Amino acid sequence: MTAARLTVDIYKRLEHFPLRVQLQAGSEILVLFGPSGAGKSLTLHAIAGLVTPEHGEICFDGHVFFRYRRGEPSIHVPARKRRVGYVFQHLALFPHLTALENVAYPLWRQRQGREQALAWLERMRLAHLAHRYPHELSGGQQQRVALARAPWRHSRAFCSLTSPSPGSTRRCASSCSATCAGCSASSAWWCFTLPTTWKRPLPWATAWRCCATARWSK
Amino acid sequence: MSWSPVLLSAQVTAVATLLILGLGLALGWLLARCRFPGQTLLETLITLPLVLPPSVVGYYLLLALGRGSPLVEWLGLRLLFTWPAAALAAAVVGLPLMVQAARAAIASVDPALENAARTLGSSELEIFWRVTLPLARRGILAGLVLGAARALGEFGATLMVAGNIPGRTQTLPLAIYDAVQNQQYGAANRMVLLLTAVGFLCLWWVRRLER
Chain A
1 MTAARLTVDI YKRLEHFPLR VQLQAGSEIL VLFGPSGAGK SLTLHAIAGL
51 VTPEHGEICF DGHVFFRYRR GEPSIHVPAR KRRVGYVFQH LALFPHLTAL
101 ENVAYPLWRQ RQGREQALAW LERMRLAHLA HRYPHELSGG QQQRVALARA
151 PWRHSRAFCS LTSPSPGSTR RCASSCSATC AGCSASSAWW CFTLPTTWKR
201 PLPWATAWRC CATARWSK
Chain B
1 MSWSPVLLSA QVTAVATLLI LGLGLALGWL LARCRFPGQT LLETLITLPL
51 VLPPSVVGYY LLLALGRGSP LVEWLGLRLL FTWPAAALAA AVVGLPLMVQ
101 AARAAIASVD PALENAARTL GSSELEIFWR VTLPLARRGI LAGLVLGAAR
151 ALGEFGATLM VAGNIPGRTQ TLPLAIYDAV QNQQYGAANR MVLLLTAVGF
201 LCLWWVRRLE R
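Protein chains in written order, with my numbering: chain A, 1 to 218; chain B, 1 to 211.
What the hints contain is simulated information worked out from the structure, not anything from laboratory work.
These numbers were taken from a predicted model, which means no experiment stands behind them.
Check before you lean on any hint, since a few could be wrong.
What the hints assert, rightly or not - Residues on chain A that point at chain B, a partial pick, calculated with CB under 7 Å:
no. : residue
1   : A48
2   : L50
3   : A79
4   : Y86
5   : F88
6   : A92
7   : H96
8   : Y105
9   : R109
10  : G113
Said to hold, decoys possible - Mimicking DMTMM-like on lysine to aspartate or glutamate, the simulated pairs with C-alpha atoms at most 20 Å apart in a straight line are:
no. : chain 1 : residue 1 : chain 2 : residue 2
11  : A       : K12       : A       : E57
12  : A       : K81       : B       : E124
13  : A       : K81       : B       : E114
14  : A       : K81       : A       : E57
15  : A       : K81       : A       : D61
16  : A       : K81       : B       : E126
17  : A       : K12       : A       : E54
18  : A       : K12       : A       : D61
Said to hold, decoys possible - Ranges of calculated distance between the beta carbons of each label pair, as one might list FRET restraints:
no. : chain 1 : residue 1 : chain 2 : residue 2 : range
19  : A       : H76       : B       : C34       : 13 to 21 Å
20  : B       : G22       : A       : I75       : 31 to 39 Å
21  : B       : L45       : A       : R132      : 31 to 39 Å
22  : A       : R69       : B       : G22       : 36 to 44 Å
23  : B       : S108      : A       : Q112      : 53 to 61 Å
24  : B       : V51       : A       : R111      : 21 to 29 Å
25  : B       : E124      : A       : S74       : 17 to 25 Å
26  : B       : R33       : A       : K81       : 16 to 24 Å
27  : B       : S108      : A       : A4        : 23 to 31 Å
28  : A       : E122      : B       : L18       : 39 to 47 Å
All residues carry an ideal CB built from backbone N, CA and C; glycine is no exception.
Please build the complete structure, drawing on both the sequences and the hints.
Pasting the structure below:
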């Protein structure tokens, strides 16, 4: 493992059990395993700032995203300032915007936002579908649009909640590698959540480091 | 048919519609997206003008705009028996329709889309403008049209707070009442037909929006 860049140490009371997560990750691709309902998605949500833990700390590259501990000033950076690219499980593409407008959504203030967005779509081999709406795209194409939208403005990190079916994960693999190659300058890392029932090795993860250092206590 | 009630009604309805739009959007968003103590109470209070007799709504407005109320004593707002009072009365009775529609439309927008916008660096206001509002616009527009139509037809509360002064506060519904009292059935017929046509078109539009 490379030097730790992301450290997560959080506690959150859930409906059925308290979730305690401690994990560290470097510049690799981190895969979170666990049975459904174990809190994999919730952990990623907490990193992105969409869920607030009861207490603990989340740091990335020396930036404190979240800190709530006795005796220390509490910090809670809102999601929009964390620059964590996020691919949602159900993709969450904006249905009223075309593929291009979806990718350009965070770039609208920039002068060359549209060109940048188009470049991302080209990288995903989607440029010819730029003016289609999400519902006019196939599942795999939608996934690639979501991947192209996530790495905006040199995101510090990516989180991706991947659907549990291995087929869609493999289909997504080549697109993932394209995204990673495209933003290696900003040195990003990825999180995937997969159910434990899926025992097959990750064919695409061998290219990078893959580790699961999360400890779950129920 | 004199044109002054028509123009006055248009003016009153336009101002009332702007009030309904601003307040309705804010309250609809608040009720759809926030959880706070007293939420049910607020919802009930907003909806109350829908079931109360217009005279009761008018009476409350009279208290709010009359002598001794903070609006008059502190802000020096003397609105009673002017057309802005009629606009206010029209807005109060039209607001419940807008708030209900806006709340339902905003609640139907997937929160995951708003979360996605958050991770893409949008502020809450920007999310409302660029994600929530475009996705909820049909429902919101339907509510606004209904609210505006109701505001145009407001009679009772308007009579109590703005009076029935020809050329100054006499809107179409009040002018119809006057025309019938004075047995000017020709004028009454024309104004009745006009209001019926506008109401019919509004509802027609709303049905099309909801499809």
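query = Quick check: which numbered hints come out false for this structure?
reply = 9, 10, 18, 21, 23, 24, 27
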